Each structure stands twice: as structure tokens, then as C-alpha cells.
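If you're matching them up, the sequences are chains A and B in order.
In terms of the UniProt record's numbering, the first sequence has 283 at position 283, counting the first letter as 1, and numbering is strictly consecutive.
In terms of the UniProt record's numbering, the second sequence has 103 at position 103, counting the first letter as 1, and numbering is strictly consecutive.
Quick caveat, the hints were computed from the structure, so don't treat them as lab data.
Be careful, since some hints might not be right.
As the list claims (entries may be wrong) - Cross-link-like lysine-lysine pairs, in silico, DSBU-like; alpha carbons within 30 Å at most:
hint	chain 1	residue 1	chain 2	residue 2
1	B	Lys266	A	Lys418
2	A	Lys554	B	Lys411
3	B	Lys554	A	Lys462
4	A	Lys385	B	Lys411
5	B	Lys266	A	Lys462
6	A	Lys554	B	Lys447
7	A	Lys403	B	Lys418
8	A	Lys462	B	Lys403
9	B	Lys462	A	Lys403
10	A	Lys418	B	Lys462
11	B	Lys447	A	Lys418
12	B	Lys462	A	Lys392
13	A	Lys447	B	Lys303
14	B	Lys303	B	Lys266
15	A	Lys447	B	Lys403
Stated by the list, open to error - Just so you have them, the derived chain A footprint on chain B, three or more residues with Cβ under 8 Å:
hint	segment
16	251-264
17	377-388
18	429-438
19	538-552
Values in this document were obtained by computation on a predicted structure and should not be read as measured data.
In this text, a Cβ means the ideal position worked out from N, Cα and C, and glycines have one as well.
So you can see what is in the structure, the chains are spelled out below.
There are 2 protein chains.
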Amino acid sequence: AVQVLYDFSAEPGNNELSVREGETVTVTNQNIGGGWIEAQNSRGEVGLVPEDYLEVTPPSVGNVAAAPPPDLSFFDAFAPASTPQTSNGGGDPWSAWNTDATGGASNNWASKPEGTQTGRSAAPDPWGAQSHPQAYQGPGAEEDEWDDEWDDVKSSGYAESESGEGGAFQRGGAQGTAMKISLNKFPGFSKSGPELYLLAKQLVKGSQKLSIYMGEVGPVWSYPDNQLDCVVADPKKGSKMYGLKSYIEYQVTPNTTNRPVNHRYKHFDWLYERLLDKLGSAIPIPSLPDKQVTGRFEEEFIKMRMERLQGWMTRMCRHPVVSSSEVFQLFLTYKDEKDWKTGKRKAEKDETVGVMIFATIEPEAPDLDPIEVEQKCDQFSRFTKAMDDGVKEILTVGQEHWKRCTGPLPKEYQRIGKAFQNLSSVFNSSGYQGEATLTDAMTAAGKTYEEIALMVAEQPRKDLHFLMETNNEYKGLLGCFPDTLAVHKAGIEKVKEGDKLVATSKITPQEKVTMAKRVSTMSYTLQAEMNHFHSNRIYDYNRVMQLYLEEQAKFYETIAEKLRQAHAQFTTM
Amino acid sequence: AVQVLYDFSAEPGNNELSVREGETVTVTNQNIGGGWIEAQNSRGEVGLVPEDYLEVTPPSVGNVAAAPPPDLSFFDAFAPASTPQTSNGGGDPWSAWNTDATGGASNNWASKPEGTQTGRSAAPDPWGAQSHPQAYQGPGAEEDEWDDEWDDVKSSGYAESESGEGGAFQRGGAQGTAMKISLNKFPGFSKSGPELYLLAKQLVKGSQKLSIYMGEVGPVWSYPDNQLDCVVADPKKGSKMYGLKSYIEYQVTPNTTNRPVNHRYKHFDWLYERLLDKLGSAIPIPSLPDKQVTGRFEEEFIKMRMERLQGWMTRMCRHPVVSSSEVFQLFLTYKDEKDWKTGKRKAEKDETVGVMIFATIEPEAPDLDPIEVEQKCDQFSRFTKAMDDGVKEILTVGQEHWKRCTGPLPKEYQRIGKAFQNLSSVFNSSGYQGEATLTDAMTAAGKTYEEIALMVAEQPRKDLHFLMETNNEYKGLLGCFPDTLAVHKAGIEKVKEGDKLVATSKITPQEKVTMAKRVSTMSYTLQAEMNHFHSNRIYDYNRVMQLYLEEQAKFYETIAEKLRQAHAQFTTM
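Okay, chain A solo, but in the shape it has when bound (with noise of 0.2 Å):
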């Protein structure tokens, strides 16, 4: 029997239980893994409760965050509030976030991000909360076939999980496959705020330091010269288990080494779970694409989900702090079997995550002003919360172009083609003579409006589907930052209470002027995030928008021209 810390309300349908502070409760599972435990209740109930609201001593999940802190009501700001926590806050990753300061940062622990959860426990639909279009997603596509929770093809019919192989969370756990465990609720920076880096009496040492410039636009990151990139490509499958179980494997090939290693769908999860917990409470880091995307037919599938991962890729090595981690080159770069579970190992007991990520920061610049600073910040926040409105606008409306393209439109234009050409034959019969130079030129004109008919249902996958794709990622990217901004403010409210700490000798005056230097820390790598993200926002945009409309006008132009050609087939009267 352990006691409940702080409040804790369930949310429906996930497998969890409400708990009051100060209730007594019996674990009944400690292995659930990602910061969760299954616990029973004086009532007999089952159900998960985050680890650290219950009073015990967690697994060993190499986070070093997950030690008691030594002051409890010291963190009092940052338990989780105790207003009643609705359901629909995790729906809306805005719901709750930019409604203003009045509930702070524990607001934000409240709040349950999409982009981070979707990674877990995604929906079907790759765009939305809709359906997918007939292009990925047929009526007939089985919703489970790649719902494997480690992604492997099920060649012989066998359902069952490879459990605990590798990783150093084991899933499924008690309840089995039937659970879904939302395992990033409080990615990376779960188990503390931030004063576990602005209070530490001593920061890490030796570890390499990264580096914020003043650039132009202000802070910036230390970028490489060379930028690294990678090509995802060549997914073959594999099989173990005697040929029971098969997967896929891609070929990942950075530009440094021009060396392919492969991976396989699981192996970058764990790069992702890795990245997520090292650096996610500075960085936000995107999800993986979806697992449970499902295709009518494996090779679109597997196409769609490399075109993803090479997406995701993309980004993360387009990222000076990502690319130049040990883990993620470890993850391009690994020698061998052995030197990738060397390096597996090395990788899962990294002591240096969640928000010590800062101590391993240095601005080559003067502290900054945090009235500035929290303006800046409120722009920012307001900015990608106006920006996901925009991009989910784009997908809403995107979506429903892709339907009618894929769908009615072209129908349509194959029934007026067919119409054509029916009324062609008709005249054919009619007996006449010279019916034949109207009736070859209708019918032509019919099969082009048959071969629209076909084009207009190819397009979107030629121009709408980049633009979707972008802005799906965009979603996922800015579904992020209202954690890592939360971060941020917890530790600019943490300063702002300084003078009240040092008074009632919660802290020392020393103390005070560490945290103030450090939150500067805090608020340069904030700064140097929203300015690697608004560039490479107008570097994307720009980009998917030039090809959405040169395949858009190539489209047009290629039905103007066919219909040219039947306009010729007519004879001038």
C-alpha cells in the first residue's frame, strides 16, 4: 500500500484511475513502464496512476529525474491542479494552454498534448479526425493488420507482441495487448519542472557543450557547416521466429558517411523515445509517423510510412542539436550489431535528460531580460496557436478537396465522357452518310474527358498530398511547443518568486542569482528554437507551396492541351 501525492483524475476509456491526495492505494503492477503503474484502490478498483503522484520508489527507467525531489512543497506550483481535469482537455492541445497566466504552468501539466500523445496512441486517420481519403485508406483496409505494437508484418497470422525485446520500457504489461498505455503524457520533463536544473548544486560536467549564437534574428543555434541528411529507402522485409514473425527494414543512408544501417519501424521509436527524453523539454520533438496508418494494400503502406520517416529524418538532422547527439549518430551511424546495442545500452542510461538538457547549453551572450523574454514568449505562444488554427484549416479543407478530387469529380467527368461517347455511337447508327467525321471526333473528345477523368483522380497524390503532408507535420511540430513553452514559463515564474523563496529561506540569495542566470539559459534556447522553427517554416512552406502550384498549373495545362487536340479533331463547317 502506497500513499497518493496529489489529485489525480482519469481520463475515459484509458485504463486510469482517479486518485485523491492522501488516498491509500495497492500497487498492482510496477512494470507498466513510461511513468505509469497500475495501482487498485480501497473500492477494488484497477487502473494506471502516473508514477510519480504515488509515494514509491519507481523501476529503474534510467531517468534520473525520477528521484524524489527534496523539497516537496517547494513544487507545490507545478502539482497538478486540483480543479476538476475534464476529458475534452486532452482533445485540444489549446484548450487549456494560452487562455492566459492564471493557471500557470500547472495548466500545462493538465493539458495532455496531441502531438506528443499521437505518437502512442494515434488515430487512424493520418490528417485529422476524419477518415482518411481513398488513397491510403480504402473501405476495405484492416484497421488492425499493422496495429502490431512493434509494427512487424504478421506473415503467419500471429498476433502476439514481442515484449520487452530491446527497450527499456516494457508495453502491454499486465492487461495486455487489448491496453493502450498513453506512455508520453508528460514527455521528457515528466517527473520534474524545471527547478531540478535551476537549483542543482552542481550541473553536469565534461559533456559537450551547445552553443547559441546572436545571430541577425536574434539567438540562434550553433549550425554545422555541413548540414547532415540521410535517405530512408529500400524497405525489405526480414523474419524471425523461424519465419513467424516478419517485418520490414528500411536503409537509412546519411550523407556523411554514405554508409546505409538498417533500421527497422521499432528502431526509430526508440531513437524517438531517446531524443524525447534527452532533449524534449528544450526541443520539441516531432512524432513518429502513426502506427496504426493502415493501407488497403503493405505496399503502400510501407511506402507511405518511409516517405514519413524520411520526413522525420529530415527534420531531426536538419536540427544542429538532434543531429549532432550521440544517439542519433549512433543511430545513422552504428558500426554493427554489437556496436548498436553498446550503444543501445550507453544511450538508455543517459543521466543527462529532461530539463538537465539546459546544463549542457551556453549563450555566448549576456543574460536576458525576462519581461522581454515573457513577451517574446507570449508572441510565440500566440503565434503557433494561430498557426496550428491555419494548418488544421489547411487539412480540413484539403481533406475534403482530396475526397471530391479522388471521388465525385472525377465520376463526373467519366460520366460526361461516357455521355459523349454514347451519343457518338447513337449517331453512328443513324444511317446518314458522313456521319463519321462528327461521330470519330465525338467520341474522341469523350475519351478525353475519360482520361480527365483519370488525371483529376491521380493529381492530389502529385500536389495535394505534399501540402498535406507538410502541414500534418507542421501539426505534429506545433502540438509541441505548448510543453516546451510551459517549461520555459515554469522557470520564469520560478525566478519571478525568487526574492519570496529567498525571504522565507527556501532558497539562498546565491541561489537566486543561479536560477536567474540559468532561466536566461532557458529563455536563449527557447529563443533559438522559435528561430530555428520560423525558418524552417518559411524554408518548407515555400517550398511545398512551389511545387503544389507548378504540378497544379502543369496539371491544368495538360487538360488544356488534350482538350485542344479533340477541339481539333472537328472539322470546321
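Add chain B to chain A, keeping to what the hints say.
Just chain B now, kept in the frame of chain A:
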């Protein structure tokens, strides 16, 4: 009290009364006009019955064919079929017709041709059963605004009809304006079968003969060297009854005199009635554009009607027999009001109407083989049926396409445009330097899609409109053929009975010879009509297809150009 000569099944919703052969009814109103009489049966039910189904003396409507035939038993073959006539026979003129020769001519009597009927009681939709796309009929359109019996603009809200003014028929009658009368259920030849002509003792003397030659394609009308044409233009509002009633007058200018004459819709209607009476047995006279077409705006309605009157006049001008007829010439070239009134009275008294028109036709070739003729007729009958299906298919598809192009599709392009502009304006709020290079271009792209939306919505008026109008014209024209073919078929059948009729002394051997000769004239006429139809059809479809494809190509070219311009606004990165 009068006796019912044949069974008649009322069509629901048409104020008709079902009667049985031998039943006695009371005539309650003999002044309905259009071949109808209002009668009351023994059960007290009142409704309309075709006047030739009753043993009454019809009112003088200037139609010689209305005189009772000399030997009723002789015409049994042309009496309405005694098989129950279902109401759905009226909906599709092709449903009863062309189901092979078993029903024979009587089958056609039973069917109510849509084409001729719509001239009187058309649905508000000018193109089909469904309501018309936005272009001509907005949601706020008042159904009745233009539904005046005589198409006058109700400038003062008065809704009286100008009963009886000038016309040969009295309309409205006992049951007032609410009653819709199908005046031309059996147009032209309604008062008799072809026997009147086949067995006439003496044919019309002195009148100008219409020649039929053997052309390359078979029998053809003698076409004039200079084709008559006219322009319908310049609609002007006139008024009468001290301004209480106003009307629209159109200017009609023939290419022969180049002198405009003015005509109201009701004059066109009068002309149509005359042509139908005089030529309808031999030549399909398409209905006038519907009276009840409604438009949101007066201007729109007038423009639409004018365009359709132009189409109708052009078609009439193109027909050598119609264009050379006295009544048509009167319509186009009357000198003054007095001239017009005199001509009208003369035309209304013309006795060479109905099947007697065949008496004025002189084929300059030997008699045709009836068997061969019958085959040709059957082929043409199948052809017109098939073409009717084809035309209706295009109308259906075109109407759906129209709806999509003026409704959801431009809305979607508009939303895409708005979404781009919204995102662009979010980007503008980033505060990030150099943002304008992207946002200016994105805003322009968004505006481009709004322009495309407008183009898409406007396009159907520029191309689909003419495709629809042509097919709609042909739908009407094709609807006339069942009657034309039936008259001919009845003639053929009568000749086939020749020997039997001679044997039973119904006719003399000389009359049999005369009959065969005259049926041959009918056959020449029909074939000249077929060839006229085919040659016009090829011309019309060639022209409209070229126009459609040309406009479509231009449309897509313009879109592509706009997209190219939008694309060029983005900076290459």
C-alpha cells in the same frame, strides 16, 4: 348530354375526367379550347375530356379536320387503345412508343409526347425533372412571377389573364387561372388519322407545291439558295390597360428585309400553334421555350427567353417548308398592325391543316417501296429513341456538373484560397525577419484560388450552357417524332389493308391506287424530314462540341496561367 365515343383515362393532376365508351356525360363548358371539353359524368364528377372522344359538335376553331369522319367504323384502327392507359405513359413519350408494332398506331395515340406537351404545361425546370441549377433559378425565385398565361410582366401586381385576346383558342376558361390545360395533347393531326388525306376526293388546288428531290442521301426538301435567318433582340417593356399590365416585346429582324418587327411571346406562341396545326403532321414542330421558366431577376429571365426564342426561330428559319410558309413570312415581315391582323385572320382560317399538308407536297420521283420505307422508319424510330436517351443522359450529367461547378467546387477553391491567405496572415504576425518574402507570395496564391473559384462558377455559362441548350432543343425536337412517325405508320398500315378494304367494298380499287401513291408522298416527306434532321443534327453537334471544347480549353489555360503567375511570386531558395 352527349355520348362518349372512346375510352379515355384521365391523367392525374390534370383536371381530366376518365370516361368509358358508351357512357353519357353532360358538357359543362364547351369553350375550353385546345381540343378539350369540360364534362360532368353521372357521378357528378367534372373534368376535361378530349372533344373528339365525345359526340359533340366542336366549336369553330378553324380546323377543317375537326369535321366528323364519314365512316367511323373505318377508323377503328385509330381509336384509342382499349387497354388500360396508365398514367406513367405520359411521363416518358418513349415508354409506350417503339415497343414494337403490336400496339400499332393506337399505341401512339395513347402516349402523350413530352416534347409537345411541355409547350403547354412545362415543369419549371427547363432541362429536366430536377430543379434548375443556380444560374437561372435562385432559391428566392418566385415560381409564379412569370407564370402568367400570356407572359406579361405584372407591373402592378394584377394577375388577370388577357383572355381571348386575338387568339383562336380561349384559354383559362371555366376553372380560371389555376387550371393547367394540356392544349396540345394531340397536336396538329389530333382530329383525324391520315385517311382524311389518303382518301380525299380532291386535293387542295392552286396552292404552292412543296418539292422533294432525290439527293445524295435520299429524299430531300428543296432548299432555298439563300437561307432565311433572323435575329431576336432588344427586348423592350411595353404596357397596356393604362399601365396596369406590362409586357415584353422582342425585336425580330429577318435577313431578307433587314427590317425589324416587334413581337410579344404570345405572338410567338400563336405562330407555334399555326405551324403545328398546318405542318405538324408532316414536320416535327418543336415547342416554344417554356413559359414557366422562372428567373431570379427579370433581366435574367428575359435574356434566357430571348436566347431560346432565337434558337427556336433559327431552327424554324432553317426549315425550308416552315420558312417559306405564308404564316411564317407574315410573322417576320408584316408591314403594320393592320397587315398583321389581316394576316392573322387569314392564317387562322387556313383549311390546309393537319394531314392535308401532304396534299401540297410533290415528290419528283417514282413511288417508294413500302417495305423499304417501313424499314427506314423503324431504323429512324430506333435512332430517335436512342438519341433521346443519349440526349437525356447528357442533360442529366450536365445538370449535375453544372450544380457542382456553381456550388461546392468553387466554394472549395474559395476555402483553399482563404486557408492560404489565413495562414499567410498568421505568418505575417511571426515577427520574424524576412517573413514578407513568403507571405506576399502565399497571399497572392490564396487570391489566385479565389479567382479560380469565381472562374469555375462562371464557366458553365460560357460552355456547358450551350451544350445544355442544344441538347435541350433536341430533347424537344425528338419528342415530336413519335407523332410524326405515327401518322406515317398509320398511313402505311392503311395501305396494307388496301386489298381487304377493296374486297369489303369500303374503298374502290382506284382509291387503293391513289392511297398507295399518297402514302408514298408521306414517305418522301418523312424521309426528307429524317435527312433534314440528320443534316441539322450533325451541324448543330459539330458546332456545339467545338464551342464547348474551345471554351473548356481556354478555361483551363487561363487557370494554368494564373497558377504560373502565382508560382512566379515565390522566391527560389
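Do the hints match the structure? See the list:
{"no.": "1", "hint": "Lys266(B) - Lys418(A)", "verdict": "violated (40 Å)"}
{"no.": "2", "hint": "Lys554(A) - Lys411(B)", "verdict": "holds (22 Å)"}
{"no.": "3", "hint": "Lys554(B) - Lys462(A)", "verdict": "holds (23 Å)"}
{"no.": "4", "hint": "Lys385(A) - Lys411(B)", "verdict": "holds (26 Å)"}
{"no.": "5", "hint": "Lys266(B) - Lys462(A)", "verdict": "violated (57 Å)"}
{"no.": "6", "hint": "Lys554(A) - Lys447(B)", "verdict": "holds (19 Å)"}
{"no.": "7", "hint": "Lys403(A) - Lys418(B)", "verdict": "holds (19 Å)"}
{"no.": "8", "hint": "Lys462(A) - Lys403(B)", "verdict": "holds (27 Å)"}
{"no.": "9", "hint": "Lys462(B) - Lys403(A)", "verdict": "holds (27 Å)"}
{"no.": "10", "hint": "Lys418(A) - Lys462(B)", "verdict": "holds (22 Å)"}
{"no.": "11", "hint": "Lys447(B) - Lys418(A)", "verdict": "violated (35 Å)"}
{"no.": "12", "hint": "Lys462(B) - Lys392(A)", "verdict": "violated (36 Å)"}
{"no.": "13", "hint": "Lys447(A) - Lys303(B)", "verdict": "violated (34 Å)"}
{"no.": "14", "hint": "Lys303(B) - Lys266(B)", "verdict": "holds (16 Å)"}
{"no.": "15", "hint": "Lys447(A) - Lys403(B)", "verdict": "holds (23 Å)"}
{"no.": "16", "hint": "251-264", "verdict": "violated (count 0)"}
{"no.": "17", "hint": "377-388", "verdict": "holds (count 5)"}
{"no.": "18", "hint": "429-438", "verdict": "holds (count 9)"}
{"no.": "19", "hint": "538-552", "verdict": "holds (count 10)"}
Violated hints for the displayed structure, listed by number in ascending order: 1, 5, 11, 12, 13, 16.
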